[in-house]
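According to this note's numbering, the sequence shown is numbered sequentially starting from 106.
The set of hints was computed from the structure by calculation and includes no laboratory data. Backbone N, C-alpha and C fix where the C-beta goes; we use that ideal spot for every residue, glycine too. A portion of the hints provided could be inaccurate.
[To be verified] Taking CB as the label site, the calculated pair distances span:
1) Gly392 - His187: 35 to 43 Å
2) Pro416 - Asn233: 13 to 21 Å
3) Pro285 - Asp177: 24 to 32 Å
4) Ser113 - Lys390: 17 to 25 Å
5) Gly317 - Arg421: 42 to 50 Å
6) Met106 - Ala186: 39 to 47 Å
7) Arg123 - Asn233: 35 to 43 Å
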Amino acid sequence: MLLENVLSTTQFVVKHSRQVKINQAAVERLAKKIKGQPLPAWDTTNHFTGTPQKTVQYIFLLDSLNFCFWADKGQPRWTIAHNAKQVNGYFALALALKKALKKYPLLDANNLAKISRQDLADIFAASNGQTIPLFENRLAIARQTGSILAKKYNGQAINVIKAANKNAGKLIELVLRDFPSFRDTAVFNGKKIYLLKRAQILAGDIWGALGGQGLGEFKDIDRLTCFADYKIPQILHYFGVLEYTPQLLQKIKNETLLTASSREEVEIRANTIWAVEMLKKDLAKLGRNLPSFQIDWILWNMAQKIKMPEPYHKTRTIYY
Numbered sequence: 106m107l108l109e110n111v112l113s114t115t116q117f118v119v120k121h122s123r124q125v126k127i128n129q130a131a132v133e134r135l136a137k138k139i140k141g142q143p144l145p146a147w148d149t150t151n152h153f154t155g156t157p158q159k160t161v162q163y164i165f166l167l168d169s170l171n172f173c174f175w176a177d178k179g180q181p182r183w184t185i186a187h188n189a190k191q192v193n194g195y196f197a198l199a200l201a202l203k204k205a206l207k208k209y210p211l212l213d214a215n216n217l218a219k220i221s222r223q224d225l226a227d228i229f230a231a232s233n234g235q236t237i238p239l240f241e242n243r244l245a246i247a248r249q250t251g252s253i254l255a256k257k258y259n260g261q262a263i264n265v266i267k268a269a270n271k272n273a274g275k276l277i278e279l280v281l282r283d284f285p286s287f288r289d290t291a292v293f294n295g296k297k298i299y300l301l302k303r304a305q306i307l308a309g310d311i312w313g314a315l316g317g318q319g320l321g322e323f324k325d326i327d328r329l330t331c332f333a334d335y336k337i338p339q340i341l342h343y344f345g346v347l348e349y350t351p352q353l354l355q356k357i358k359n360e361t362l363l364t365a366s367s368r369e370e371v372e373i374r375a376n377t378i379w380a381v382e383m384l385k386k387d388l389a390k391l392g393r394n395l396p397s398f399q400i401d402w403i404l405w406n407m408a409q410k411i412k413m414p415e416p417y418h419k420t421r422t423i424y425y
């Protein structure tokens, strides 16, 4: 099962890491700190909510494009204006797609498969003149997602969900088999490493948006790991859980790009996954039983509110 591969292969990375390590004492301190944190509610301000079928179709597109929102050093971030507020990052993507549904048939797979460059540019038009990062990748993935849904699933993302039969692990296997942009793996010391950030977050988001009911019910949802991106390692480093060598820390501080699938980048992501697994165990000892993906949600929401002195690591990639 692919989900088991995430833990087993990233554990191999943790055991052989040279530039990143996990501080167990800091894990215990952080567990005590977040023990009483409430679970964040599903955001309905920026996300589209409709019938379960339309909601799933929207989330499938959203998580196909859910990656890389940071700007180059010294540049402003891609930002969307809404109700006198400026929204950036993942929520800007969710909001841009939600607003676009009033004008564009994005939930129709055949239309999505042939979306024009100009239409997608209009959908992602920023309030500050910035272009969304990796625009060409997003255009190709949007078209590919529509095309594959149309050819293999009668145009409906709910057919992917139904084929998974309430099994998140099966959903992830189907998505990896049929949708190439979700194949988030790397090679480390000659071994294939499974990280699967967007495939896992797709299952988590469908579960969250539908309240774990109906199409959103997955019997094995607790098997998801955390979603190894750039915000979770940033906050884990801020709390002392992740420790970096001076050389790696200097690269991150200088905003030097880390190459996708490089040893440094894979070590950061693998140790992030296992730091959250350790947090899960320590929280359980404190009487708070949470699956890894909900610990991720708590940490990610905390990371949005804390002004951290050091930037996150930067890697240009379609995987997170």
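Status of the given 13 to 21 Å range, CB of Asn233 versus CB of Pro416: Given range 13 to 21 Å: holds, Cβ gap about 19 Å.
Cβ distance range 35 to 43 Å for Gly392 and His187, holds or violated: Because 40 Å falls inside the window, the suggested range holds.
Cβ distance range 42 to 50 Å for Gly317 and Arg421, holds or violated: violated (34 Å)
Status of the given 35 to 43 Å range, CB of Asn233 versus CB of Arg123: holds (40 Å)
Verdict for Met106, Ala186 (Cβ pair) under range 39 to 47 Å: holds (44 Å)
Supplied distance hint 17 to 25 Å, evaluated on CB atoms of Ser113 and Lys390: holds (23 Å)
Outcome for the supplied range 24 to 32 Å, where the beta carbon pair is Pro285 and Asp177: holds (27 Å)
In this structure, only the earlier hint numbered 5 is contradicted, and the remaining ones agree with it.
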